[in-house]
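Those protein sequence lines, which keep their order, are chains A and B.
Residue numbers are given in this note's numbering: position 263 of the first sequence equals residue 263, and the series is strictly consecutive.
Residue numbers are given in this note's numbering: position 150 of the second sequence equals residue 150, and the series is strictly consecutive.
In short, the hints are calculated from the structure, not lab data.
Hints may be right or wrong, so weigh each one.
With a cut-off of at most 16 angstroms between alpha-carbon atoms, the simulated EDC-like pairs for lysine to aspartate or glutamate come out as follows [unchecked claim]: (1) B:Lys155 x A:Glu739; (2) A:Lys312 x B:Asp154; (3) B:Lys27 x A:Asp498; (4) B:Lys155 x A:Asp444; (5) B:Lys155 x A:Asp439.
Computed Cβ-Cβ distance ranges for the label pairs, DEER-style [unchecked claim]: (6) A:His338 x B:Ser134: 23 to 31 angstroms; (7) A:Leu520 x B:Leu45: 27 to 35 angstroms; (8) A:Phe472 x B:Ser134: 53 to 61 angstroms; (9) B:Leu45 x A:Ile707: 28 to 36 angstroms; (10) B:Leu45 x A:Ala453: 42 to 50 angstroms; (11) A:Tyr634 x B:Gly91: 34 to 42 angstroms; (12) B:Arg187 x A:Ser461: 52 to 60 angstroms; (13) A:His338 x B:Glu133: 21 to 29 angstroms; (14) A:Leu142 x B:Ala163: 40 to 48 angstroms; (15) B:Pro67 x A:Val376: 30 to 38 angstroms; (16) B:Pro67 x A:Pro589: 48 to 56 angstroms; (17) B:Glu133 x A:Thr474: 25 to 33 angstroms; (18) B:Leu45 x A:Thr334: 46 to 54 angstroms.
We treat Cβ as the ideally placed atom computed from N, Cα and C, and that holds for glycine.
For reference, the chains in residue letters:
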Amino acid sequence: MSSFVTRISRPLRTAFGGRGPLGVRTLARVLTCGLVATGFGASVGLAQSAEEAPRFKPLPPPSLNFYGSAGLLDMPSGEMLPDGQFTTTLSYFGGNARYNLTFQALPWMSASFRYNSIKPQTGLMFGFETYYDRGFDVRFRLLRERRWLPAVTMGLQDFAGTGVYAAEYFVATKTFDTPAWGAGTLPGRLKLTAGLGWGRLGSHGAIGNIGGKRPSFVGGSTGGQLAYNQWFRGDFAPFGGIEWQVNERWGLKAEYSSDAYITETRAHDVFQRKSSMNFGLEYQVGPRTRLGAYYLYGSEIGVTAQIQLNPKHSPTPMMAPAPVPVVPRSDWATEPAHWSQDWAASESSRVQVRDLVAEALKPDGLILEALDVSGVSAEVRYRNNRYRSDMLAVGRVARVMARVLPPSVETFRIVPVRKGMGLSTTVLRRSDLEALEFDANSSDALLAVTGFASAGPVADSAIQSGELYPAFATSISPYAAPAYFDPAQPFRLDVGVDFAASYAPAPGWFIGATLRQRALGNVKNGRASNSRLPHVRTDQVHYAQYGRTLENLYVARSWKPGKDLYARATLGYFESMYGGISGELLWKPVSSRLALGIEGNYVVQRDFDQRLGFRDYKTFTGHGSAYYELPNGYQAQVDVGRYLAGDYGATFGVDRVFANGWSVGGFFTRTNVSAADFGEGSFDKGFRFRIPLDWMLGRPSRNAFGITVRPVQRDGGQRVAVPGRLYGQIRAAHRASLEQQGAKFWE
Amino acid sequence: MRSRFASALALVLSAGLVTGCARGPEKTPLEVEVIQAVGQKIGALRAGRQAKRPPPTRAQLDTVKVPYVEVTLENRDLLAYLSQQSVRRDGDPGEIVVWRTEDNVTLALRGGVLIATRGLGDDLLSASALVGESGSGPQSGGERRYQIRGLDNDKRSLSLACAVQDLGPEQVEIVELSYATRHLQERCEGGGGVVVNDYWVDSVSGRIWQSRQWAGPTIGYLRLRQLTL
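Construct the complete structure from the given sequences, taking the supplied hints into account.
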């Protein structure tokens, strides 16, 4: 046999493109290309031929306009993007550059963030050679496209902030299929769009007026407040256009623009507006990327790059190495003696069983914390550093238990552990595992007989892992720390290396430290603070003067004071700007969608050199928090309390969290600091997103690229960043999340 | 001597700094994982350049005393050889055999009918099979249910209406050996498409020598051949 394996496995390896699990990934990447191609075919509205196999049809994504919304060139259309779509658009024409992010948060609502620059050919604009601004848009679908009805959307463009692009509109789009252009090509689509705009979109060719003169835009003001007294006020004008997607690659666009570009062409010399007609040609480079070239306003050449991601369509499907099948005990425990429970009485047998379990968990990257085993039941506590899906890890642990535990053990209790805290208990019967693995509906069938309970304290009879504590871990990793939106230079970056070490003397105890060495960067050239409040966050430039720093150094203790209670106490240097003492208590029953928490911190501002010293500023900051898991993956959070600058108020946040770990959300904080004292932006707000590494690479990982963007970083409504806040560590291992991931159990 | 040691140490250290590393029972930092993944991708590209080996001959197969199947992924004409990992029965008709590649991809077949894949991405999570208590291949028409992974870690259910047709005797050749088989075709409609599974069943023993079966929208069709018993 061995000769066969060596001979035969070579072509196998070659065919799969490499050795070990790597080959599978290569193979699957190849497979994905297949799906992508199919998906694209569907995206131009192909009718399926009768003999084709079923497939998951992605909805056709509309092309995007210069503002990053579904639309023509400079004008929007009535279309919505597919649910969950996350797009990035870069556009430029005649001194106007726009960088847009759009998220289709709900099937009927999208939100955009934009960072733009306007550069006059001569002179200054609002006192700047290049004027930078930020803005938010929202769009609501009023009508879904039907056979005889167009899609209708209402949009509010640049509705907060300083409003250089402020406009409101109603727009309708109707789609028609067009015959294929030449033999062997696919049919095309024609989209007709017509709308009515106010504000900027009502500034050229107005046909009417509502409410007299519209309050005008003032460059450089504080901004940030909703400009609802402007909405749908003043002149309104029609706009419209046509898009012809000739085939799956090429698209032609033409539009009539109702934007007079008054600020850019009359008040400042940005470009010349000689015509209202704009024309463009777009090319779909890949399944996610579209490029366009345009001729605008009779004088300017423009370009766009549109990148559309959808959390539901991973570039590479997640692949975990196949699990080991469950072998029913009836196949191997054939004699009555095999089923005896006598072994359980012996301490050494139980230790032996623990070692078997620990060893069997290792190939899956799972770490045994403790095993409590009796003749008929067993509880495994384990740490999962590899799989994002806690249910997948639960499934792997269950398989290991079925493989190595003596036949008499029938009840499995599976407890994921993080920072020494048991997060939940999944209760299973071994016979169900054996009976259902190959059931036609294996995941639903298993979920129906699975119980979820809170994790109790570690039993006295449990045997701790012999090799885990005291646990010592180190890492050396590069880091990148960006700084955004300085008008002098919108993007700055520091890069360097983090040296991190941690020591866990016993379950629940954690001592962590990170040293940071900057290699190069320019964050230190940023602008100084002009804040009227205590400089709790705006002294970033002072902190960035130092290249070799102690990023954090702290002792933390996590424990469960009660059945549904989780607690944390942390002492030390939490982050680059603050150190102190912090305590947190969280109530979260396993099956509850609601969680309540309370946190108190006494913090001292750290010295700019970020070594061991402190500055004079000391404060108490703390919050009461409520977290709620809404249906369909929406997570809501409200925090009420005292912020770092001593201001009182509340933070509201909503995130859409996808089952694969993608998350996109926004937040805002209102406190008793006045808009004038707060400064630019009037109050703290921002958005955040997280793209899982495993989603991008198709291999198991718990890491993600995450970013929180604030249009302006000020001192009002700021919180301290304490490592190891409780809720985020606990939620994913609770019932709602485990059930959502139910099908991962057998993977 | 000392300076050579120092420069070697500096080299090791700087290599560590550029690529990053992590030890111990805590989560690996993101940047380190990214660098590792990129490194593996480069390795995979290099390995992909190796020349293809010739297929096995019957003389080689004759030396093998355990069952093997050859599986082709039609999407890209990729080939793998799978050994038998487990054989069992459960409450439903048909013997279940799990086949495994060396790099941890598995296929589960019930009575020769594909009911699950693992490790391919967007896997076939589970499926029903219209097989009998003994023998192999679909015994009758009826409903087949597929659970397929796809879209946001979701499980997609697909219910297909299947009819089985006997296309008559066919001679099948597998690596220099010829078998007398009957060609059974299972044609299933539903989910906005058609799935056609083909089985070549030994006229005497009822064993499936060869089949072509669908494993979901991403994976597509697999071709299986029984190389050794």
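Checked hints:
1. With a C-alpha separation of about 12 angstroms, the suggested pairing of B:Lys155 with A:Glu739 holds against the 16 angstroms cut-off.
2. Of the pairs offered as hints, the one joining A:Lys312 and B:Asp154 holds, with about 9 angstroms between alpha carbons and a cut-off of 16 angstroms not exceeded.
3. For the suggested pair B:Lys27 and A:Asp498, the alpha carbons sit about 15 angstroms apart, so the restraint of at most 16 angstroms is met.
4. Our distance criterion of 16 angstroms between C-alpha atoms is met by B:Lys155 and A:Asp444, whose separation comes to about 10 angstroms.
5. For the given pair, B:Lys155 sits about 15 angstroms from A:Asp439 by alpha-carbon distance, which is consistent with the 16 angstroms threshold.
6. A:His338 and B:Ser134 have their C-beta atoms about 29 angstroms apart, which keeps the hinted 23 to 31 angstroms range intact.
7. For A:Leu520 and B:Leu45, the hinted distance range of 27 to 35 angstroms is satisfied, since their beta carbons lie about 30 angstroms from each other.
8. For the pair A:Phe472 and B:Ser134, the beta carbons lie near 58 angstroms from each other, so the given range of 53 to 61 angstroms is met.
9. The beta-carbon spacing between B:Leu45 and A:Ile707, approximately 30 angstroms, falls within the hinted interval of 28 to 36 angstroms.
10. As the Cβ distance of B:Leu45 to A:Ala453 is approximately 48 angstroms, the hint placing it in 42 to 50 angstroms holds.
11. Separation of A:Tyr634 from B:Gly91 is about 40 angstroms and conforms to the stated range, judged on CB atoms against 34 to 42 angstroms.
12. In this structure the supplied range 52 to 60 angstroms holds for B:Arg187 paired with A:Ser461, their Cβ-Cβ distance being about 58 angstroms.
13. The hint said 21 to 29 angstroms for the Cβ distance between A:His338 and B:Glu133, and at roughly 28 angstroms that hint holds.
14. Remark: the range hint 40 to 48 angstroms for A:Leu142 to B:Ala163 is upheld by a beta-carbon distance near 46 angstroms.
15. Against the hinted window of 30 to 38 angstroms, the Cβ-Cβ separation of B:Pro67 and A:Val376 comes to about 37 angstroms, which satisfies the hint.
16. Checked against the given bound of 48 to 56 angstroms, the beta carbons of B:Pro67 and A:Pro589, roughly 50 angstroms apart, stay inside it.
17. Between B:Glu133 and A:Thr474 the beta carbons are some 58 angstroms apart, a value that contradicts the proposed interval 25 to 33 angstroms.
18. Roughly 49 angstroms separates the CB atoms of B:Leu45 and A:Thr334, a value that falls within the hinted 46 to 54 angstroms.
Going down the numbered hints, you'll see the structure goes against just number 17.
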